[in-house]
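Could you build all of it, start to finish, from the sequences and the hints given here?
UniProt numbering puts the sequence shown at residues 1 to 165.
Do not rely on the hints blindly, as some may be mistaken.
Said to hold, decoys possible - Think about it this way: if two alpha-carbon atoms lie no more than 16 Å apart in a straight line, the pair counts; the simulated EDC-like pairs of lysine to aspartate or glutamate are:
{"#": "1", "residue 1": "LYS122", "residue 2": "GLU18"}
{"#": "2", "residue 1": "LYS122", "residue 2": "GLU152"}
{"#": "3", "residue 1": "LYS162", "residue 2": "GLU18"}
Unchecked claim - Label-pair ranges, simulated between beta-carbon atoms:
{"#": "4", "residue 1": "GLN91", "residue 2": "GLY46", "range": "41 to 47 Å"}
{"#": "5", "residue 1": "LEU22", "residue 2": "ARG83", "range": "20 to 26 Å"}
{"#": "6", "residue 1": "ALA158", "residue 2": "ARG83", "range": "20 to 26 Å"}
{"#": "7", "residue 1": "HIS56", "residue 2": "ALA158", "range": "48 to 54 Å"}
{"#": "8", "residue 1": "ALA146", "residue 2": "MET100", "range": "33 to 39 Å"}
{"#": "9", "residue 1": "ASP163", "residue 2": "GLY40", "range": "44 to 50 Å"}
Hints were generated in silico from the structure; no laboratory data involved.
Source: prediction; values computed, not measured.
For glycine and all other residues, C-beta sits at the position ideal for the given N, C-alpha and C.
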Amino acid sequence: MSPDERAGFAEDDILYFEDVPLDRTFVTSGRTVTEADVVGFAGLSGDWNALHVDAHAAAATPFGGRIAHGLLVLSMASGMTTRLPVLQGLQPSLLGMTGMSCRWPAPTRIGDTLRIELTFVKAEYTSSRTRGLVTERRRAVNQDGAVVLDSEWALLVAARPKDAS
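Here it is as structure tokens:
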């Protein structure tokens, strides 16, 4: 994303449901998946699957070596996108996440550098019209352009209060 595509969303802007920029894609800076990330996530999650932590066992799999946990990549996508100005602007009106779907079309290897592409794909008011459901697509793409995570996130976002300008 060029600097011009980031323009229009200052960190102190408060965005509401009505402000969600449908069909615009925002891209994070890169972040490299490290050995420490994988080991730390295994300890935090309790997922010590050999595919992630045992080089010898993982070498015998179709992946030919260790790969990062899919849920680690999903967590990274969540954290990396929260730093985007558009999501910082939505933070005060974000009421919660109501659902998610995801798939991992390719593995993430230790040493891969990921960027997250965030696109707002749908926005519908709820019956009260005081809030709406927003669907985001977040894709993690590695340094070679391979999509390693494709996910949709359903968020509940407050509508602009009647007394707000």
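Hint-by-hint comparison with the structure:
1. At roughly 12 Å between alpha-carbon atoms, LYS122 and GLU18 fall within 16 Å of each other, so this suggested pair holds.
2. With a C-alpha separation of about 10 Å, the suggested pair LYS122 and GLU152 falls inside the 16 Å cut-off, and the hint holds.
3. Distance hint between LYS162 and GLU18 is fulfilled; the C-alpha atoms sit about 12 Å from each other, no more than 16 Å.
4. Roughly 30 Å separates the CB atoms of GLN91 and GLY46, a value that falls outside the hinted 41 to 47 Å.
5. Taking the beta carbon of each, LEU22 and ARG83 are about 21 Å apart, inside 20 to 26 Å as hinted.
6. Between ALA158 and ARG83, the C-beta spacing of about 21 Å keeps the proposed range 20 to 26 Å intact.
7. Hint check: HIS56 to ALA158, Cβ distance near 51 Å, so the stated range 48 to 54 Å holds.
8. Between ALA146 and MET100 the C-beta distance comes to about 21 Å, which lies outside the given range of 33 to 39 Å.
9. For the hinted restraint 44 to 50 Å between ASP163 and GLY40, the CB-CB distance of approximately 45 Å keeps it satisfied.
Checked against the numbered hints above, the structure breaks hints 4, 8 and satisfies the rest.
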